[in-house]
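Engineer: Protein chains in written order, with my numbering: chain E, 126 to 394; chain V, 126 to 394; chain Z, 126 to 394; chain L, 126 to 394.
Hints are not guaranteed to be accurate.
Treat identical chains as interchangeable: a pair holds within one or across any two.
Within a straight-line C-alpha distance of at most 20 Å, the following computed SDA-like cross-link-like pairs (lysine to any residue) qualify [unchecked claim]:
| # | residue 1 | residue 2 |
| --- | --- | --- |
| 1 | Lys342 | Asn314 |
| 2 | Lys342 | Ile166 |
| 3 | Lys373 | Ala340 |
| 4 | Lys342 | Ala311 |
| 5 | Lys131 | Glu369 |
| 6 | Lys131 | Ala167 |
| 7 | Lys375 | Ala340 |
Because the hints were derived from the structure by calculation, they are not lab data.
Number of protein chains: 4
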Amino acid sequence: MYQKIKQTIFQLIEPSKGNLTSKIFDVIIISLIILNIILVIAETFDVSDTARAVMNGVEVVSVIVFTIEYLLRVWTADMLYPQYRAVKARLKYIFSFMALIDLIAILPFYLPLIIPIDLRVLRILRVIRLLRIFKINRYTHAFGLIAQVFRNKAAQLISSMFVVGLLIIIASVLMYNIESTVQPDAFSNALETMWWAVATLTTVGYGDVYPITAAGKILATIIAFLGIGMVAVPTGIITAGFTEIINKEKEDEKEDIHYCPHCGHKLDK
Amino acid sequence: MYQKIKQTIFQLIEPSKGNLTSKIFDVIIISLIILNIILVIAETFDVSDTARAVMNGVEVVSVIVFTIEYLLRVWTADMLYPQYRAVKARLKYIFSFMALIDLIAILPFYLPLIIPIDLRVLRILRVIRLLRIFKINRYTHAFGLIAQVFRNKAAQLISSMFVVGLLIIIASVLMYNIESTVQPDAFSNALETMWWAVATLTTVGYGDVYPITAAGKILATIIAFLGIGMVAVPTGIITAGFTEIINKEKEDEKEDIHYCPHCGHKLDK
Amino acid sequence: MYQKIKQTIFQLIEPSKGNLTSKIFDVIIISLIILNIILVIAETFDVSDTARAVMNGVEVVSVIVFTIEYLLRVWTADMLYPQYRAVKARLKYIFSFMALIDLIAILPFYLPLIIPIDLRVLRILRVIRLLRIFKINRYTHAFGLIAQVFRNKAAQLISSMFVVGLLIIIASVLMYNIESTVQPDAFSNALETMWWAVATLTTVGYGDVYPITAAGKILATIIAFLGIGMVAVPTGIITAGFTEIINKEKEDEKEDIHYCPHCGHKLDK
Amino acid sequence: MYQKIKQTIFQLIEPSKGNLTSKIFDVIIISLIILNIILVIAETFDVSDTARAVMNGVEVVSVIVFTIEYLLRVWTADMLYPQYRAVKARLKYIFSFMALIDLIAILPFYLPLIIPIDLRVLRILRVIRLLRIFKINRYTHAFGLIAQVFRNKAAQLISSMFVVGLLIIIASVLMYNIESTVQPDAFSNALETMWWAVATLTTVGYGDVYPITAAGKILATIIAFLGIGMVAVPTGIITAGFTEIINKEKEDEKEDIHYCPHCGHKLDK
Numbered sequence: 126m127y128q129k130i131k132q133t134i135f136q137l138i139e140p141s142k143g144n145l146t147s148k149i150f151d152v153i154i155i156s157l158i159i160l161n162i163i164l165v166i167a168e169t170f171d172v173s174d175t176a177r178a179v180m181n182g183v184e185v186v187s188v189i190v191f192t193i194e195y196l197l198r199v200w201t202a203d204m205l206y207p208q209y210r211a212v213k214a215r216l217k218y219i220f221s222f223m224a225l226i227d228l229i230a231i232l233p234f235y236l237p238l239i240i241p242i243d244l245r246v247l248r249i250l251r252v253i254r255l256l257r258i259f260k261i262n263r264y265t266h267a268f269g270l271i272a273q274v275f276r277n278k279a280a281q282l283i284s285s286m287f288v289v290g291l292l293i294i295i296a297s298v299l300m301y302n303i304e305s306t307v308q309p310d311a312f313s314n315a316l317e318t319m320w321w322a323v324a325t326l327t328t329v330g331y332g333d334v335y336p337i338t339a340a341g342k343i344l345a346t347i348i349a350f351l352g353i354g355m356v357a358v359p360t361g362i363i364t365a366g367f368t369e370i371i372n373k374e375k376e377d378e379k380e381d382i383h384y385c386p387h388c389g390h391k392l393d394k
Numbered sequence: 126m127y128q129k130i131k132q133t134i135f136q137l138i139e140p141s142k143g144n145l146t147s148k149i150f151d152v153i154i155i156s157l158i159i160l161n162i163i164l165v166i167a168e169t170f171d172v173s174d175t176a177r178a179v180m181n182g183v184e185v186v187s188v189i190v191f192t193i194e195y196l197l198r199v200w201t202a203d204m205l206y207p208q209y210r211a212v213k214a215r216l217k218y219i220f221s222f223m224a225l226i227d228l229i230a231i232l233p234f235y236l237p238l239i240i241p242i243d244l245r246v247l248r249i250l251r252v253i254r255l256l257r258i259f260k261i262n263r264y265t266h267a268f269g270l271i272a273q274v275f276r277n278k279a280a281q282l283i284s285s286m287f288v289v290g291l292l293i294i295i296a297s298v299l300m301y302n303i304e305s306t307v308q309p310d311a312f313s314n315a316l317e318t319m320w321w322a323v324a325t326l327t328t329v330g331y332g333d334v335y336p337i338t339a340a341g342k343i344l345a346t347i348i349a350f351l352g353i354g355m356v357a358v359p360t361g362i363i364t365a366g367f368t369e370i371i372n373k374e375k376e377d378e379k380e381d382i383h384y385c386p387h388c389g390h391k392l393d394k
Numbered sequence: 126m127y128q129k130i131k132q133t134i135f136q137l138i139e140p141s142k143g144n145l146t147s148k149i150f151d152v153i154i155i156s157l158i159i160l161n162i163i164l165v166i167a168e169t170f171d172v173s174d175t176a177r178a179v180m181n182g183v184e185v186v187s188v189i190v191f192t193i194e195y196l197l198r199v200w201t202a203d204m205l206y207p208q209y210r211a212v213k214a215r216l217k218y219i220f221s222f223m224a225l226i227d228l229i230a231i232l233p234f235y236l237p238l239i240i241p242i243d244l245r246v247l248r249i250l251r252v253i254r255l256l257r258i259f260k261i262n263r264y265t266h267a268f269g270l271i272a273q274v275f276r277n278k279a280a281q282l283i284s285s286m287f288v289v290g291l292l293i294i295i296a297s298v299l300m301y302n303i304e305s306t307v308q309p310d311a312f313s314n315a316l317e318t319m320w321w322a323v324a325t326l327t328t329v330g331y332g333d334v335y336p337i338t339a340a341g342k343i344l345a346t347i348i349a350f351l352g353i354g355m356v357a358v359p360t361g362i363i364t365a366g367f368t369e370i371i372n373k374e375k376e377d378e379k380e381d382i383h384y385c386p387h388c389g390h391k392l393d394k
Numbered sequence: 126m127y128q129k130i131k132q133t134i135f136q137l138i139e140p141s142k143g144n145l146t147s148k149i150f151d152v153i154i155i156s157l158i159i160l161n162i163i164l165v166i167a168e169t170f171d172v173s174d175t176a177r178a179v180m181n182g183v184e185v186v187s188v189i190v191f192t193i194e195y196l197l198r199v200w201t202a203d204m205l206y207p208q209y210r211a212v213k214a215r216l217k218y219i220f221s222f223m224a225l226i227d228l229i230a231i232l233p234f235y236l237p238l239i240i241p242i243d244l245r246v247l248r249i250l251r252v253i254r255l256l257r258i259f260k261i262n263r264y265t266h267a268f269g270l271i272a273q274v275f276r277n278k279a280a281q282l283i284s285s286m287f288v289v290g291l292l293i294i295i296a297s298v299l300m301y302n303i304e305s306t307v308q309p310d311a312f313s314n315a316l317e318t319m320w321w322a323v324a325t326l327t328t329v330g331y332g333d334v335y336p337i338t339a340a341g342k343i344l345a346t347i348i349a350f351l352g353i354g355m356v357a358v359p360t361g362i363i364t365a366g367f368t369e370i371i372n373k374e375k376e377d378e379k380e381d382i383h384y385c386p387h388c389g390h391k392l393d394k
């Protein structure tokens with residue numbers, strides 16, 4: 126009986142099972158998330174006291190629903206990872222990326238009851254919960270492919286970001302030494318100058334800080350051109366990642382190789 | 126006799142038939158479109174009453190020509206889709222992308238006769254009708270290839286845009302909470318702050334709004350770097366799409382596979 | 126005797142022959158071009174009358190040398206294209222891209238003698254003559270490859286630029302109608318508004334014009350995101366072009382195919 | 126005995142040997158480098174005299190450690206390049222990229238003892254020494270791959286940068302002639318105008334200088350669009366480089382080809 130109920134609940138909340146009640150459950154949760162996002166944005170406007178009372182009501186209801194959902198997911202985690210013991214399966218689930226997001230989405234509501242810190246702005250992270258939309262529609266494969274590319278190429282992307290970090294430090298210290306004497310406000314110290322380096326390297330170029338000396342302009346030119354490279358390298362890495370996966374899929378198709386849809390291991394023909 | 130006239134008209138307005146009178150017809154229509162675009166732009170200048178009267182005259186003549194052309198296209202739609210019944214063929218044509226554009230291009234002229242709304246600015250959508258230029262010249266294949274890449278990769282591009290959307294929402298709410306106290310005018314609410322998020326993520330960086338606090342600059346730095354990724358991911362997707370099509374064409378060439386030029390289905394050797 | 130002199134001169138000015146005197150000749154011409162570019166830039170500064178007199182002297186000497194070189198190249202053009210008759214070879218050479226640049230580089234000096242127009246600024250096009258540097262060093266292949274990619278993909282790149290053109294026209298007219306009432310100076314007419322559309326689509330974002338109304342900001346957001354696509358599409362096209370050429374070279378290597386180094390035609394094994 | 130000590134020291138300072146003491150040594154050096162970078166940045170702030178005294182102390186200790194390390198590396202260079210004679214091996218090491226960086230990182234401290242020039246800002250180049258982090262972790266391969274792509278495609282990247290250089294010169298001289306009469310301050314000479322050309326071509330667009338005449342805006346439009354190409358071409362080159370290396374690795378795997386991990390030469394099966 127206990128197992129039966131647990132099984133039913135698991136099928137309800139686990140989107141990949143794909144039955145109708147599960148889909149309706151997902152649509153309700155997603156609607157509630159969207160409503161909450163609208164609320165978080167709406168709260169930044171000046172609204173009447175009545176409206177704010179309604180907002181608070183919706184917030185309380187949402188958090189209760191999200192909390193129950195979270196507890197149910199933790200409870201049924203041993204059915205999600207049947208290969209582990211119950212405790213280990215639950216711990217594994219609690220520390221998974223999506224579960225942590227779920228927790229961060231409700232925790233800001235309970236925290237002020239314990240410690241007097243207002244972290245309610247973190248509620249906006251509920252937006253990330255919308256990624257579960259990809260689990261119930263035809264974009265699943267497309268989104269999985271993009272995530273796969275980033276996982277495959279993580280080491281290369283981090284390496285290129287590391288080099289960019291070094292570049293920003295060098296550019297900031299050099300630029301501070303060049304410009305701080307003529308523009309002591311805009312380039313007040315090397316940390317402040319990093320703001321210029323970031324705006325230039327990413328080619329955003331707000332225009333709030335820019336060099337005015339000849340030496341500063343030459344350095345900015347070099348940094349701006351390296352900024353071009355900064356777009357080119359990750360683009361190259363990511364593109365190669367997409368091409369690689371597509372080629373692999375095509376080869377597998379030719380050689381009639383199939384993978385287990387559950388664990389991803391290669392299957393014997 | 127009726128069928129004969131219809132056939133002649135269809136051959137005249139359908140560019141893919143490629144006979145001379147059809148080409149002349151296309152050149153006339155395209156010239157009229159270009160003339161109309163120049164007029165729409167010219168109307169934004171201060172012009173004399175005489176000039177405005179001439180413009181109105183050209184506009185009336187254009188709309189009459191475009192209306193007749195539109196009606197003829199609807200009438201001959203059953204020859205474009207011979208596989209459907211006459212009514213279904215016409216409905217299918219009316220709701221096709223290019224036919225809707227054609228309708229939007231003439232409707233703003235007739236609407237004020239019925240309801241008093243001035244939608245004449247929509248006439249500029251006649252510009253889209255210029256895409257038919259690709260039907261009469263040697264760029265047909267190139268344009269078709271670009272359109273093909275976007276169709277093939279639509280799911281991936283939409284997925285990446287969805288993630289960008291989430292990013293903009295998160296960035297805006299966080300940035301509003303960081304900057305609104307020191308810059309209440311520029312960051313007056315979360316929706317206004319989205320304007321900053323868009324300018325930063327797309328690396329446009331107009332410079333009308335930018336953070337001035339340390340926390341705001343750190344958040345802006347993260348967003349600007351994610352903006353690099355925002356260029357890299359669609360570029361990777363689109364590049365992989367181009368490479369894929371080119372490789373497919375090459376393989377088909379090798380294996381001597383041909384496709385029906387009309388419906389795109391594979392042909393037996 | 127006449128043929129002998131012509132042969133010697135041709136070997137001297139034609140860089141691909143690769144003998145030492147020819148290389149010295151190239152170095153002299155390139156040095157003179159660089160000297161001229163420095164002069165054109167230097168002239169934009171306030172300089173003393175003496176300096177200006179020296180500059181004019183160098184200019185006169187340069188033009189004389191370039192003119193003689195140009196005439197010699199036209200004279201020996203029949204040795205460059207031995208397959209054509211003398212007159213046709215010379216006409217073909219005169220209307221080649223590099224020869225037209227050579228002509229434009231010297232013509233501004235002679236024109237004022239005939240018609241009183243000051244086109245001396247066109248002298249800066251002598252910069253393009255520096256491309257001949259690629260003919261005398263190890264970057265020949267690399268530069269040829271880049272040029273090849275642009276030639277191969279010209280139709281696709283032009284198609285994408287055409288779509289961008291339509292986009293700019295639509296965006297400008299719509300934005301003019303949205304913003305001109307509140308910012309009549311910045312968005313004074315649809316042509317002026319194009320300046321905003323270009324700055325946004327290319328993500329340059331100078332920040333001299335930007336929308337301030339909600340509708341304007343929404344339109345600008347759409348345009349800025351399409352700007353991302355505007356980088357992605359040509360990048361995809363060009364990348365596919367590079368990959369294609371590299372794969373072709375590799376396959377040719379495998380299949381032991383060689384091309385004539387002079388005309389580029391496939392050679393029998 | 127002398128050889129024994131030298132061998133021990135070499136194993137200590139050479140990270141690729143991978144024993145524990147060598148790793149501890151690396152961690153100490155890297156920590157010292159990071160401490161120094163923090164110091165260089167901290168020095169740009171207004172700090173108390175006590176703090177500055179502490180900083181100077183750390184600086185002196187660091188330079189002593191770095192100097193000893195540098196001398197030991199030069200001394201043991203003949204074990205790094207066993208194929209060369211001792212003197213040649215040391216000279217080869219001294220003029221390697223990383224050794225020159227090491228020298229530049231300590232030289233600014235000693236130079237003022239000899240000649241009175243303050244080059245202490247060059248200490249920031251110690252940041253580059255952090256690249257050795259890639260030698261002790263799992264990102265070695267990823268970083269090596271990125272470096273490999275740049276080496277393989279150096280000729281093409283330099284060629285495209287050369288064309289960009291010509292473009293900047295032409296754009297600057299033309300723009301100077303167009304805008305200098307109406308904006309003599311912003312476009313005071315062709316060199317100053319290059320600052321505008323760089324900001325536009327790299328799409329940074331600070332907004333401190335921009336054309337206001339119609340002709341200037343048309344030229345800026347052309348340059349901004351060429352700027353798109355400027356991102357596209359290096360991206361295409363670099364992407365092709367990544368794809369090429371990945372394909373090569375895959376083919377080698379298929380054909381069971383192995384390379385010597387020390388010199389990179391192909392090994393017989």
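Engineer: A separate judgement is required for each hint: does it hold in the structure or not?
Structural biologist: Hint by hint, here is what the structure shows:
Taking CA atoms no more than 20 Å apart as the test, lysine 342 paired with asparagine 314 passes in both settings, with 18 Å inside one copy and 15 Å between copies. With identical chains, the CA atoms of lysine 342 and isoleucine 166 are at most 20 Å apart between copies only, with a shortest distance of 17 Å across copies and 41 Å within one. Taking identical chains as interchangeable, the C-alpha atoms of lysine 373 and alanine 340 are never at most 20 Å apart, the minima being 49 Å within one chain and 43 Å between chains. With identical chains, the CA atoms of lysine 342 and alanine 311 are at most 20 Å apart both within one copy (15 Å) and between copies (14 Å).
Taking CA atoms no more than 20 Å apart as the test, lysine 131 paired with glutamate 369 passes in neither setting, with 42 Å inside one copy and 46 Å between copies. For the homomeric pair lysine 131 and alanine 167, neither the shortest alpha-carbon distance inside one copy (38 Å) nor that between copies (58 Å) is at most 20 Å. Neither within a single protomer nor between protomers do lysine 375 and alanine 340 lie at most 20 Å apart by alpha-carbon distance, with minima of 53 Å and 45 Å respectively.
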